[in-house]
Amino acid sequence: MIANLSRRGLLGGIAAGGLVLGIGLPAARGQQQQRFGADGMPNGWRDDPRLFVAIAEDGIVTITCHRQEMGQGVRTSIPMVIAEELEADWSKVRVTQAPGDEARFGNQDTDGSRSLRHFFTPMRHAGAAARTMLEAAAAKQWGVPAEEVRAANHAVLHEKSGRSLGFGALARAAAEMPVPDRTTLRLKDPASFRLIGKDTVGLLDNHDITTGRAGYGIDARVEGMLHAVVARPPVFGGKVTSFDAAEALAVPGVVKVVAIDAPAIPSEFQPLGGIAVIARNTWAAMQGRDKLKITWDDGPHAVYSSDTYRAQLQEAARKPGKVVRSAGDVDRALAGAAKRVEAEYYIPHLAQTPLEPPAALVRIRDGQCEAWACTQAPQATRTRLAQRLKLPEDKVTVHVTLLGGGFGRKSKPDFVLEAGLCSQAMDGAPVKLTWTREDDLHHGFYHTVSVERLEAGLDADGKPVAWLHRSVAPTIGSIFAPDPKHELPLELGMGMVNLPFPIPNIRMENPEAVAHARIGWFRSVSNIPHAFAIQSFVAELAHAAGRDPKDYLLELIGPPRLYDPTDLGDVWNHGEDPKRYPIDTGRLRRVVEAAAEGIGWGRAMPQGSGLGLAGHYSFVSYVAAAVEVKMGSRGEISFPRVDIAIDCGPQVNPERIRSQMEGAVVMGTGLALSAEVSFKDGRVQQNNFDAYELTRIDSAPREIRVHLLPSRDYSQPLGGVGEPGVPPVAPAIANAVFAATGKRIRQLPIRDQLTT
Amino acid sequence: MLSLRVNGTAHEVEVPADMPLLWVLRDVIGLTGTKFGCGIAQCGACTVHLDGKPVRACILPVGSVGARQVTTVEVVGQSAAGRKIQEAWIALDVPQCGYCQSGQVMSAAALLARTPQPSDADIASAMSGNICRCGTYMRIRAAIKQASEA
Ligand code: FES
Ligand code: FES
Chain A
1 MIANLSRRGL
11 LGGIAAGGLV
21 LGIGLPAARG
31 QQQQRFGADG
41 MPNGWRDDPR
51 LFVAIAEDGI
61 VTITCHRQEM
71 GQGVRTSIPM
81 VIAEELEADW
91 SKVRVTQAPG
101 DEARFGNQDT
111 DGSRSLRHFF
121 TPMRHAGAAA
131 RTMLEAAAAK
141 QWGVPAEEVR
151 AANHAVLHEK
161 SGRSLGFGAL
171 ARAAAEMPVP
181 DRTTLRLKDP
191 ASFRLIGKDT
201 VGLLDNHDIT
211 TGRAGYGIDA
221 RVEGMLHAVV
231 ARPPVFGGKV
241 TSFDAAEALA
251 VPGVVKVVAI
261 DAPAIPSEFQ
271 PLGGIAVIAR
281 NTWAAMQGRD
291 KLKITWDDGP
301 HAVYSSDTYR
311 AQLQEAARKP
321 GKVVRSAGDV
331 DRALAGAAKR
341 VEAEYYIPHL
351 AQTPLEPPAA
361 LVRIRDGQCE
371 AWACTQAPQA
381 TRTRLAQRLK
391 LPEDKVTVHV
401 TLLGGGFGRK
411 SKPDFVLEAG
421 LCSQAMDGAP
431 VKLTWTREDD
441 LHHGFYHTVS
451 VERLEAGLDA
461 DGKPVAWLHR
471 SVAPTIGSIF
481 APDPKHELPL
491 ELGMGMVNLP
501 FPIPNIRMEN
511 PEAVAHARIG
521 WFRSVSNIPH
531 AFAIQSFVAE
541 LAHAAGRDPK
551 DYLLELIGPP
561 RLYDPTDLGD
571 VWNHGEDPKR
581 YPIDTGRLRR
591 VVEAAAEGIG
601 WGRAMPQGSG
611 LGLAGHYSFV
621 SYVAAAVEVK
631 MGSRGEISFP
641 RVDIAIDCGP
651 QVNPERIRSQ
661 MEGAVVMGTG
671 LALSAEVSFK
681 DGRVQQNNFD
691 AYELTRIDSA
701 PREIRVHLLP
711 SRDYSQPLGG
721 VGEPGVPPVA
731 PAIANAVFAA
741 TGKRIRQLPI
751 RDQLTT
Chain X
1 MLSLRVNGTA
11 HEVEVPADMP
21 LLWVLRDVIG
31 LTGTKFGCGI
41 AQCGACTVHL
51 DGKPVRACIL
61 PVGSVGARQV
71 TTVEVVGQSA
81 AGRKIQEAWI
91 ALDVPQCGYC
101 QSGQVMSAAA
111 LLARTPQPSD
121 ADIASAMSGN
131 ICRCGTYMRI
141 RAAIKQASEA
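Chains A and X are the protein sequences, given in the same order.
With UniProt numbering, the residue at position 164 of the first sequence is 164, and numbering never jumps.
With UniProt numbering, the residue at position 16 of the second sequence is 16, and numbering never jumps.
It is possible that some hints are incorrect.
As the list claims (entries may be wrong) - Computed beta-carbon distance windows for the label pairs:
1) X:66 x A:290: 24 to 32 angstroms
2) A:153 x X:12: 48 to 56 angstroms
3) X:78 x A:480: 45 to 53 angstroms
Don't read these hints as lab results, they were simulated from the structure.
Using N, Cα and C, we set each Cβ at its ideal position, and we do this for glycine too.
Next comes chain A alone, as it looks inside the complex:
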């Protein structure tokens, strides 16, 4: 037999047309029984080993990763889970990336901090099933009962006889074995894990990344490829009235100028329309675009200016709105309170700005469309590409590259559709379409803008007896439905209505807000404004009560207990079963305590320095951040240290959990200090990183210590990791600033609010 024949040829090869397990379409909420977790996602999950594991005769194990890599480490962590159960030698594991095909692989939308939460168990099953097939093949060959053999370290052993066969030698026979039923699988005892929960494995793509060989969407290249950029309406909802491309076409290298239709509103993930310039290289395309003469009809959103909009949000927050949670009698309790405290917090629009801007390559040949794209949602991309290009879906393949960051921006396939339209306009020639940074900032799907108003009544001991929270923010729902005015359950459920404080009188309201820009997911989503407001306000209450903020926060959280989130008015709970994922105030307490202890809460601080603390539950994980700030002589802030503690349940890849927490601290620092997208006359005012300022090495926290709360019980459900680190960072910074300066930050970013 020929070794190393075709790695796909053996165990994995029979997968084509293989079993399709799991579930079909997502349950329509309310009509059918509600499904949770991976069951509730479009196309559910699969655990068929033939989809995910291929073993070649040279022993190389190729694992297919169907979730997208954007820095969270999923191309390392998912294969680790399979390799663990498979008893594979990690040095013989290779990873290949699945194309967008949810009918085969199950849900592939890589967002919501869900990959391991939803696929830990299916991937364990896939690995264990493949291992069982190898063991069965060996037992058959030796003529011994399967119970007498076991796989270890890339081989199957028969202890009684001392015989052993490597995975490569067994690959062909194993592929002939029946796929065992998942209920019969023997999963490993976590005590014997070599990879899961250990720091034994480095980042899979590390070498390629560090040597410049890693392939991102923007790096995709095929023979004869052209390059495109698009001039889009400067105001959301605008259209081209007329254009003159003569000068653009005169730029050397420019090949063609193509109009892209403006979408119907709501525009979901469709391109904004405009004029595409296609050229022999990106530079020529950009030069050509500069030479286009376009007259725009700005449409109704040219009125959008952040200053006046903020005043509108504030006005709405000062009046009653739609009640989204109510217990007791807040008005009476407020009226009878010994002390009343109120505060309003403003959090501006943000842009995800992954460092790799959106970019995709599309080619259409012989009726077959191929896309190479840095997408978080390859199946959604495939479906929409097929629709927009009027091709059957089975004629469209979406290859997924590495993502140079995603943060929610690359969940939206608009940029891939633009590339597809350009290719179609060139009779199918390959066209790579690149967004410049200006495009990314001007035409994004922005994090919402929010006014959060809080009022509390304290009793004579300083304990809150009444809590009124109004959240006013344009909703993500506005890209899907015409003119919705209220936040969706999934937005309200991000740390607002599911507040787990045992306060007798609580009312939460969501007054109306109109969207004038595309609103979209940004890492952590509505948890950002909600956590900023609530965790700042708790520290304000502690101050009003003359109490230590940490003690006050812990008292407000109260003793360890479990809440069914639906009892708190949260019907969403990040898509998870409220029974399996109750809100556990004991876990919230423990992360707050761990972060506080880590930073040395209570230690004497020099003049101009201070400590701040915040804790938040999101993506069914618990995170607290403790920040030390040091004020410079002109009011500039530096961060000697941040301690961040996470309880995300059982940990698969602790090294990547730490790196995600480190990154979350830096991103939280950036949005606290300097990041803001603002509009004037419907236009975004920030063009590039000179105005949309991100944290740099000299403004980032000097030291970040990550505390992983131990959980070795792998039968417990997993929590999210990619997103929950961000929300507590900004309020912890604001609280530390207050401790250091006595000045309360109620508006982000801080920028020059403290400079003298």
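Since chain A is already given, all that's left is putting chain X with the ligands on it; use the hints.
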């Protein structure tokens, strides 16, 4: 026709002299390790070495390169400083998405070549032009320190 020496190889390219080196490398020569992040010398993703000095290829007109040697991330590991930086990057698992890391490695390798034992202040000033949206700064600093001890 412009002549260019990139990674030790001579290239003849037919491009306008004002085309930034970045797009010549990426689109014309096909070296995609050098990244585009901003186009205005704000993020450092496009950092290459010109006769060993770090420059931002996104604003450098190719016509101004002249006879100077262009070195990109694909071969920077052939220098002692570049190799040490890459080894430390891998040992400390610095990257997250990795997109900024070509530029980070190039800035760090240039720093190490001219300052073998960089202080925190040296690191801050050499690296503050490189944005990492994923926030890997703490590990970048640690990796440069580790490389400086190798
Ligand atoms: S792309 Fe050159 S510095 Fe950003
Ligand atoms: S690792 Fe993603 S931008 Fe630096």
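Structure-based check of each hint:
Distance hint check: the CB atoms of residue 66 (chain X) and residue 290 (chain A) are about 27 angstroms apart, consistent with the given range 24 to 32 angstroms. A hinted range of 48 to 56 angstroms holds for the C-beta pair residue 153 (chain A) and residue 12 (chain X), which are about 53 angstroms apart. Residue 78 (chain X) and residue 480 (chain A) have their C-beta atoms about 52 angstroms apart, which keeps the hinted 45 to 53 angstroms range intact.
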